Amino acid sequence: MQPLDFSILLQGDAPQMLAHGIALMLELTAVAWLIAMVLGTLLALVRMTRLRVAEVAVGAWVEYHQNVPMLVQIFLWYFGIATLLPTALQMWLNRHDGEFTFAVIAIGLATSAYMSEGLRGGIRSIPSSQIEAARALGLSYLQSFRHVVFPQAFRIALPTLVNHTVLLFKNTSLAMTIGVAEMMYATREIESRTFKTIEIYLLATVIYLGISLVIMAGGSFAERRLRVATR
Amino acid sequence: MGDIAAIIHDYGVLLLVGQYPTGPLGGLALTFILAVLGLALAFPLSVILALARVSPFRLLYWPATALVYVMRGLPLIMLIFWVYFFLPVLLGRPVSGFSTLLATLVIYEAAYLAEIVRAGIESLPRGQMEAARSVGLTYMQAMRKVVLPQAIYNMIPAMLSQLVSTIKETSLGYVISVNELTFAANQINSTLLTKPFPVFVVLATIYFVLCFSLTQVARQLERRVARRRAGIAGATAAPLVVPDIAAIAE
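Each protein sequence line maps, in turn, to chains W and G.
Sequential numbering from 1 applies to the first sequence in my numbering.
Sequential numbering from 1001 applies to the second sequence in my numbering.
Just so you know, the hints here were simulated from the structure itself, not pulled from any lab data.
Take these hints with a grain of salt, some might be off.
On the chain W side, residues computed to face chain G include the following (Cβ under 10 Å) [unchecked claim]:
{"id": "1", "residue": "31"}
{"id": "2", "residue": "73"}
{"id": "3", "residue": "82"}
{"id": "4", "residue": "166"}
{"id": "5", "residue": "176"}
{"id": "6", "residue": "177"}
{"id": "7", "residue": "187"}
{"id": "8", "residue": "191"}
It should be emphasised that the depicted structure is a prediction, and the values quoted were computed from it without experimental measurement.
Positions of the beta carbon are idealized from the N, C-alpha and C atoms, including for glycine.
Can you build the whole structure from these sequences, using the hints too?
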């Protein structure tokens, strides 16, 4: 076997492609995470009302997104739902990174289901007497959610939320299948140009692992910071 | 709706079994075989990994822990490309897409299953191990005859959820042209050209029906296991706390 030669990765436009790929990967992660957290919280909040309609609707949303592969969800958005949009919007999306938009939507929505389930688990472990007490003190439904239920539920749900953040980050690699030039795509591209497979794969592996471990470490740091002494 | 009915009529068999029996098996059947085989082959590996993860010996604990973290930190697609590149070099001959994907799933799932088995072992009361040791069993005997059977029984629901995850993960066979369900649907899509939405709706529905049914069975089993753990048949018991790593959204 030839000795490893990483210098090739510094030649031509390889560094630029890789840097661009990393930037897109982080962007995908950040935007999709924001969608997933905001929507996940809203879904958990709606489900907490215990209204029949809300339970069924949120339940269906969660089951669909958890029981269909994320790759298929991305395809459905990019190849399928895209064709149902008005022509003007389609043209606009084609000119403005439609791939990125659909990838972010698909990954964000799919992860929102897992986030809302994680939060629901946390909410369920808060005794309902706490809400009753908060309401009796004069807090509105939303206020008692915001000040009483959510902070505690969030703490309990944190390990789950962190887990799914790591998964979301890993899943951004699926965007390569519809042509988003994120890091996995750039890696494959550089590999097919230079044939330095081991070198470029090693680099990508180290980057993925490094960021995943940083998210995990950040999660356990947050857990320690947010821990409240219990009796 | 007409489009969907037409697609099911024209391509339903192709989506379910591929070109079988006149050609190679594919579609949903291949997806299911890949997932079941992948998980079954990963299981013995995962028990070994789990034992290493609870072992007091650093020489066993550290490599197993490192492997689990590497698998948890890497996208499956990255691992597929590694195996795709390395397996032929290792074996010295070309390797089919099926074998590549299967090998990848075995490695990846072994790490995730190991965490489930470990959680099962750690959720048993310490008294089980201590009692087994005090009646004269060695550590390995106690593990094999007392701890593991209970741990694995308790973790059956989590393993079934893992099967659902694995089924969803096989969709990545698409990137290395394994003729499973997602790949088959993409072929149909490129044949029809003008019907992407109905094709992918059908595809999503097939996955949903299979995965949702299995998820329901897993929930049912979870309730049964929880009841047994509580020791009172029919009584409502606290649900068993299963680590959330089982839920992988590839």
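Right, here's what the structure says about each hint:
1. 31: 17 Å, violated
2. 73: 7 Å, holds
3. 82: Holds. Min distance 8 Å.
4. 166: 7 Å, holds
5. 176: Cβ of residue 176(W) sits 7 Å from chain G, so the hint holds.
6. 177: 6 Å, holds
7. 187: Because about 8 Å separates residue 187(W) from the closest Cβ in chain G, which is inside the 10 Å limit, the hint holds.
8. 191: It holds, given that the least Cβ distance between residue 191(W) and chain G is near 8 Å, below 10 Å.
In this structure, only the earlier hint numbered 1 is contradicted, and the remaining ones agree with it.
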